[in-house]
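Residue numbers (this note's numbering), protein chains in the order written: chain A, 1 to 476; chain B, 1 to 476; chain C, 1 to 476.
There could be a bad hint or two in this list.
It does not matter which identical chain is used: a pair holds within one copy or between any two.
[Unchecked claim] Pairs of lysine to aspartate or glutamate residues, derived as DMTMM-like cross-links and limited to a Cα-Cα distance of at most 25 Å, are as follows:
no.	residue 1	residue 2
1	Lys-468	Asp-402
2	Lys-468	Asp-106
3	Lys-349	Glu-267
4	Lys-349	Asp-316
5	Lys-5	Glu-452
What the hints contain is simulated information worked out from the structure, not anything from laboratory work.
Okay, here's what each chain looks like letter by letter:
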Amino acid sequence: MSHPKWYLPEDRYFNPAPAQRQVAMRLYQAVANLPLISPHGHVDPRLLADENATFGTPTELFIIPDHYIFRMLYSQGIPLEALGVPRLDGGPVEQDHRKIWQIFADHFYLFRGTPTGAWLAHELGIVFGIEDKLTAETAQSVYDELEARLSQPEFRPRALFERFNLEVLCTTDAATDRLTHHQALRTSGWRGEVRPTFRPDAVVNLDAPHWRENIDLLSEVSGISVESYPRFIQALEQRRAFFKAMGAKATDHAAVTPYTAELSVAEADIIFQRALGERATDEDARRFTAHMLMEMARMSVEDGLVMQLHPGSVRDHNEDVYRRHGKDMGGDIPQATEFTHNLRPLLNKYGTDPRLQLIVFMLDESTQARELAPLAGHYPAMRLGPPWWFHDSINGMRRFFDRAIETAGLYNTVGFNDDTRAFASIPARHDLWRRVAVDWIAGQVVQGIVDEGDAHDMAYDMAYGLTKRAYRLDTA
Amino acid sequence: MSHPKWYLPEDRYFNPAPAQRQVAMRLYQAVANLPLISPHGHVDPRLLADENATFGTPTELFIIPDHYIFRMLYSQGIPLEALGVPRLDGGPVEQDHRKIWQIFADHFYLFRGTPTGAWLAHELGIVFGIEDKLTAETAQSVYDELEARLSQPEFRPRALFERFNLEVLCTTDAATDRLTHHQALRTSGWRGEVRPTFRPDAVVNLDAPHWRENIDLLSEVSGISVESYPRFIQALEQRRAFFKAMGAKATDHAAVTPYTAELSVAEADIIFQRALGERATDEDARRFTAHMLMEMARMSVEDGLVMQLHPGSVRDHNEDVYRRHGKDMGGDIPQATEFTHNLRPLLNKYGTDPRLQLIVFMLDESTQARELAPLAGHYPAMRLGPPWWFHDSINGMRRFFDRAIETAGLYNTVGFNDDTRAFASIPARHDLWRRVAVDWIAGQVVQGIVDEGDAHDMAYDMAYGLTKRAYRLDTA
Amino acid sequence: MSHPKWYLPEDRYFNPAPAQRQVAMRLYQAVANLPLISPHGHVDPRLLADENATFGTPTELFIIPDHYIFRMLYSQGIPLEALGVPRLDGGPVEQDHRKIWQIFADHFYLFRGTPTGAWLAHELGIVFGIEDKLTAETAQSVYDELEARLSQPEFRPRALFERFNLEVLCTTDAATDRLTHHQALRTSGWRGEVRPTFRPDAVVNLDAPHWRENIDLLSEVSGISVESYPRFIQALEQRRAFFKAMGAKATDHAAVTPYTAELSVAEADIIFQRALGERATDEDARRFTAHMLMEMARMSVEDGLVMQLHPGSVRDHNEDVYRRHGKDMGGDIPQATEFTHNLRPLLNKYGTDPRLQLIVFMLDESTQARELAPLAGHYPAMRLGPPWWFHDSINGMRRFFDRAIETAGLYNTVGFNDDTRAFASIPARHDLWRRVAVDWIAGQVVQGIVDEGDAHDMAYDMAYGLTKRAYRLDTA
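Here chain A stands alone, though its shape is the one from the complex (with noise of 0.2 Å):
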């Protein structure tokens, strides 16, 4: 019996007007092979750091960890326990791999037109060179092809590293992490360069869960007993040199909204003793979190480390989700966000010193053309993002580049950062990103908006040189 194969044509996510689709193809062709740079990603380096890592069963790689795949199948109706979801409380979950894959396999149209479907295909199809599409009826077959490969050497993390032409990959980290899988890595020989990078959050944000705890442990890793406002910031002062020294090129900081506003140290010490005697209040917490943006920068002026800031998102919407799975389970919901007001204090105090490259995200594409676009193609320090989470699609960024660049420029943007935890899809992202950006350069050639000479240096741009810059990994 013959089944549907994968579709992935030569020239897909192209313009289908030849005049566009030759250009275009004239410039993936250039850029298609240039290595990876992923600078901004959630992928855990301990898969890297033990050489002898594997990705486990099929379903442990694609499904289970995934909250891009497993919330499409919640949002059917499908209970996370059925797809093997982890519950906080150890109660019992679905233990049958193969049971997973066929509800998977089974479900797998709800992916049609989404971005998890095109990486899914370039993974499964290309990566690990399955033929057959995943379908009801090859949900077995499939899974046992897979289970084959992910036993092969030539499919461990490291192999795949290589394989995918990785030059950089960049991990997220707690500030309070001793960077063990880092140290491993530099200490191991292996040539793959994997950097951490410094995310304050669970100790900067008062309202982060557990930030009491968090705060004790920052004081143990960094060795400075943290009592107060100034030697908190001492703390964290040692723990970016900390993560410098580890090969840190950026930090990385959430918060509900982009707020900035600079507290008197007096101010900061009054909430933070608060905070530490569990009485700060919400308001505390957003003038604290306001505040604390402000002190990266101003870090980040002094240390180099490149700030990216990814605001807007409401974490754990669904509270009986988060009670029983905990976080990052498919169910943070964006929310409108405003940009011009909350960055002015910061874009004033620091926005014009060539020290700071602020890297800015949203998830509120209305802001793009309206707030984004005008502080980037003003702000020496600021550049913007490419689109985030959601935002992560062929469409997605397609409305990125007709919204922020005729205004931004190109050259105040940063390229592509896949931000993924699904370390196989790393060159599904990284291609569907050269894709639809030479596509949308082919475009500007066809429409005689520039020309093919500079188009051919913008989509290398696109491609590897604006993120190689941007997060000055061109530097020592």
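Using the hints, position chains B and C against chain A.
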């Protein structure tokens, strides 16, 4: 003398690139003649209850009752009185229907590039078989032809219902409606499927015009004396049961915002008593509506009626028009809408219950990618309604497909609603949706996103299957 | 050595599908040479009042006065001083215009894909007939050529005005301006039509810089001692009458928000007296501006001047740049704007009066389909201005056409404004609009939405007719 003809090319609304157009045409041919499901609209059931009902003059059919038409003429300075729109005070309005028709024809150019223009071309050119395009010159001869058609039995409402291949038509009916026309329909022996929809805004929103009288009416029709909040709930449950017995599959709810929040029974009763005493405040109305949306979800969980919510319209913005002509006069204007926080209480309480089907519509497109698609792509109970009202247009549909489906997934949407009170426009609206939908799918095919096998399934679902399942029309 | 040339294909900005491109070209040929109407802009009337005025050096023409150019260079770390932008304190800035030009050329790649890049290609390649594209290598030879051109009489402002086929050019002038250049123009015998526009922001917005001095100036130029609110109104009416006598067709109003609300004369006077005493609060300023917008509409009803409103810009976001260089330095950033509620008082009072023509601009595109198109598609007095400022671009125009016209209708829009202070860019901007407009119309034709007969009418109206009628330039 020869006149310009209606411009209705076979491949209208398809992308101009031939590769995409060919796929679109293949998909269109497969779905063009599927039956029409109209699960949400405002057709007067009297038109179908009475087998001898007619549409009146061309002006009565096309202009006087249709705010899509007369708002555009009004926006260019033509008084509603000159278009025959009745005044509440019974004051004089134009009675010469040929004269009104001539004004319409003289200004028909105003509809260039609008959905109304596209619908009218289909209605006049195809439904009524008029060859000449409407212009100042053809106005009277077109009127003559229309008059002739309208006098024929095959242009009566029931005949058109059958010609349109309407599988089911749902009307919208006040909670206090006795559904006499629906009763008549059910006993008439005619096989057309016409169902009521339960719309309780006029009794649920304390600030609805004539709320106090509506409550008296509710007491009367339900036989339950609505003198307290518990009695109010009881009466609503009684009405829902009656509607369900009369064939209703769904309820429908408007609100200025989608704010939801639960009150205790005691709090709800205090507010309700204030409202009965005509002392309710704006804040009372706001909180009570928020609470009643929760209650409506609770009842839907219990009785299985699909819940539709369409917030965001500021009604009767033009107070002078409202005073002179009443509501639905083309002066309702959308406002920015927030869903992430507003729907959180409802979704946390009922959003994972498989018995609830909540269909959310919007007039604020900035929420599509930012809030609605992530919510629908997570909560099992939530689905996205098609582009509503001003967005029920070629570009409105395309924006919806581009912004919502990558994140929500196609299978968290519900196909098309025509939402019209203009019965003769129903096939035009469905045909436009089907064309734009297949063109969008064809775009996915020629861009290598979905294969043509999937594309055929998607086309069927967008044209028919999604709607049938979403409104539970596939169950008894 | 051969250099790259300007890339200005004949069919630029047209869709790549040949079917659409052919229709677009036919439409373009019909409108490309229509006269230009520039009803809203910031050209200095002195340039045209003095028949011997010249543009100075290439750097003075293209860089120093143009914030579109220098903001982009500044965003990449080039100080405004290095670009010769004057400091308020008279401190040193670069004086070597060839050196500034070289910096501009070295960074010309920053304008890839921006409207500024497209305008510059047109200006240099077509208006000034320079063949070589601007690069680091060609910088000085291009400068030589430009210098030579600028020294010729046919490149003086009046000569270009005639070559550009400008039918009318409107400037923007403070309410306190004595219009001496306009006086000179009227008596010069030159046949070019140049009209002033009444812009009272500096006296109407209590928080405008130097408001108190501006009021004194208003007293002086009007001959009315502005010591009370009634006198203030009288002085404004006097100025409007003067502007009208000097040929003005319109007024122009900026505000942070489009909030409108009427005060009693007594309330207005209390606030006005506080402002005279320099004790006005932010809330006073907000309410007074809201009231004055109502008053301006009232005066427009009476004197027939078209009222333009463009809200939503947060001025001088970068305080350091403002302190050093003043206003209009590329640091104005849009914010989210609300129209539905804010304009309601004004539209309810004056929006149906045929004597009022209110043209509304926006910097918040999310309002186009949600608020502005529904409002303009209903209120007889309201029209939508073309995409403004950051949105005066290929994509900005396309978004506007896609989002606004289906609901507002084309005939509730007003064609194009160049809104520029860069005189030499006027034909580039109008040509870009005309190309994008005809391409949009051609898209409607090949998609079967409008026939080619209608398309020709629409092209004429978008290129010329709508503007002429909207600004009442077709009346004496």
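Results of checking the hints against the structure:
Taking identical chains as interchangeable, the C-alpha atoms of Lys-468 and Asp-402 lie at most 25 Å apart only when both belong to the same chain, with a minimum of 23 Å there against 30 Å between chains. Taking identical chains as interchangeable, the C-alpha atoms of Lys-468 and Asp-106 lie at most 25 Å apart only when they sit on different chains, with a minimum of 21 Å there against 41 Å within one chain. Only within a single protomer do Lys-349 and Glu-267 lie at most 25 Å apart by alpha-carbon distance; the minimum there is 19 Å, versus 39 Å between protomers. In this assembly of identical chains, Lys-349 and Asp-316 lie within 25 Å of each other by CA distance solely across copies; the values are 14 Å between and 33 Å within a copy.
In the homo-oligomer, the alpha carbons of Lys-5 and Glu-452 lie at most 25 Å apart only across protomers (12 Å), although the nearest pairing inside one protomer, at 35 Å, exceeds that limit.
Hint compliance for this structure: every hint is met.
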